[in-house]
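Colleague: Take the given structure of chain X and dock chain H to it, following the hints.
So the sequences go chain by chain: X and H. According to the numbering used here, the first sequence is numbered sequentially starting from 41. According to the numbering used here, the second sequence is numbered sequentially starting from 41.
Rather than coming from a laboratory, the hints here were simulated on the basis of the structure. Here a beta-carbon is modelled for each residue, glycine too, at the ideal position from N, C-alpha and C. Incorrect hints may appear among the rest.
[To be verified] When the alpha-carbon atoms are kept at most 35 angstroms apart in a straight line, the in silico DSBU-like pairs for lysine-lysine are as follows:
hint: 1; chain 1: H; residue 1: LYS51; chain 2: H; residue 2: LYS70
hint: 2; chain 1: X; residue 1: LYS86; chain 2: H; residue 2: LYS95
hint: 3; chain 1: X; residue 1: LYS95; chain 2: H; residue 2: LYS86
hint: 4; chain 1: H; residue 1: LYS86; chain 2: X; residue 2: LYS73
hint: 5; chain 1: H; residue 1: LYS86; chain 2: X; residue 2: LYS86
[What the hints assert, rightly or not] To be clear about the criterion: a stretch of chain H counts as covered by chain X if any three or more of its residues have a C-beta under 8 angstroms from a C-beta of chain X, and this derived list gives those stretches:
hint: 6; region: 41 to 51
hint: 7; region: 54 to 68
hint: 8; region: 78 to 86
hint: 9; region: 128 to 136
There are 2 protein chains.
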Amino acid sequence: MITEIAQIEIKPGHEKDFEAAVGQSQGIFKRQKGWRSFELHRSIEKPSRYRLHIKWDTLENHMVDFRESADFQEWRALVGSYFAGPPEVEHTNTVLSF
Amino acid sequence: MITEIAQIEIKPGHEKDFEAAVGQSQGIFKRQKGWRSFELHRSIEKPSRYRLHIKWDTLENHMVDFRESADFQEWRALVGSYFAGPPEVEHTNTVLSF
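Extracted from the complex, chain X is given alone in its bound form (with noise of 0.2 angstroms):
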């Protein structure tokens, strides 16, 4: 399993739209293949900035299966209006929890 961590800043004023299209998204993740978990995080320090933690099993999941999907444009469809820049998107092995 892998964790998609996409960094999002929002045009300033746009906070609470953006947050109420990511939550109409649910159905959109809960139907991909191997999609497992999401996460919406709001920064403290910077309120417009927001990040994405999306577990998925594999990192062909995200960037193949979903990416190339006409899901993917829905979901842009969605948020994108809102963004104030291109998303930063990393993708991490989680090495240890505790």
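Modeller: Same frame as chain X, but now just chain H:
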């Protein structure tokens, strides 16, 4: 509850030493006031980049109770020599999870 997100670049070649040192630090975290959980993530795209995701009851539990303690000095003594630069630290609230 809040999440501390600390992004740390490790000196290339010292990744396994750093991971072992983090493993040795479990006792330090487990005795902190308001500490809830700890995850060590390693970037797939940039393998010398790590992120700590640490959950605390409050921001103060991290920034005051832990940061101003002797235990913080012990933690940094364990891991600090492997850092390639100062960690970038931010805190988040979880807005939504599913």
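Colleague: Against each hint, give a clear statement of whether it holds in the structure.
Modeller: Status of the hints after comparison with the structure:
For the hint pairing LYS51/H with LYS70/H, the CA-to-CA distance comes to about 27 angstroms; that is within 35 angstroms, so the pair holds. For the given pair, LYS86/X sits about 18 angstroms from LYS95/H by alpha-carbon distance, which is consistent with the 35 angstroms threshold. Between LYS95/X and LYS86/H, the direct Cα distance comes to roughly 18 angstroms. Compliance with the 35 angstroms bound is thereby established for this hinted pair. At most 35 angstroms may separate the alpha-carbon atoms for a hinted pair to count; LYS86/H and LYS73/X meet this at roughly 25 angstroms.
Proximity of LYS86/H to LYS86/X is assessed by CA-CA distance (about 24 angstroms); at most 35 angstroms being required, the pair is judged to hold. Given a C-beta distance limit of less than 8 angstroms, the hint that chain X covers the region 41 to 51 of chain H holds, as 3 residues qualify and 3 suffice. Here's how the region 54 to 68 of chain H fares: 4 of its residues keep a CB closer than 8 angstroms to some CB of chain X, so the rule of at least three is met and the hint holds. Residue count for the region 78 to 86 of chain H with a Cβ under 8 angstroms from a Cβ of chain X: 9. That meets the three needed, and the coverage hint holds.
Only residues whose C-beta sits within less than 8 angstroms of a C-beta in chain X count toward coverage, and the region 128 to 136 of chain H has 7 of them, enough to reach three; the restraint holds.
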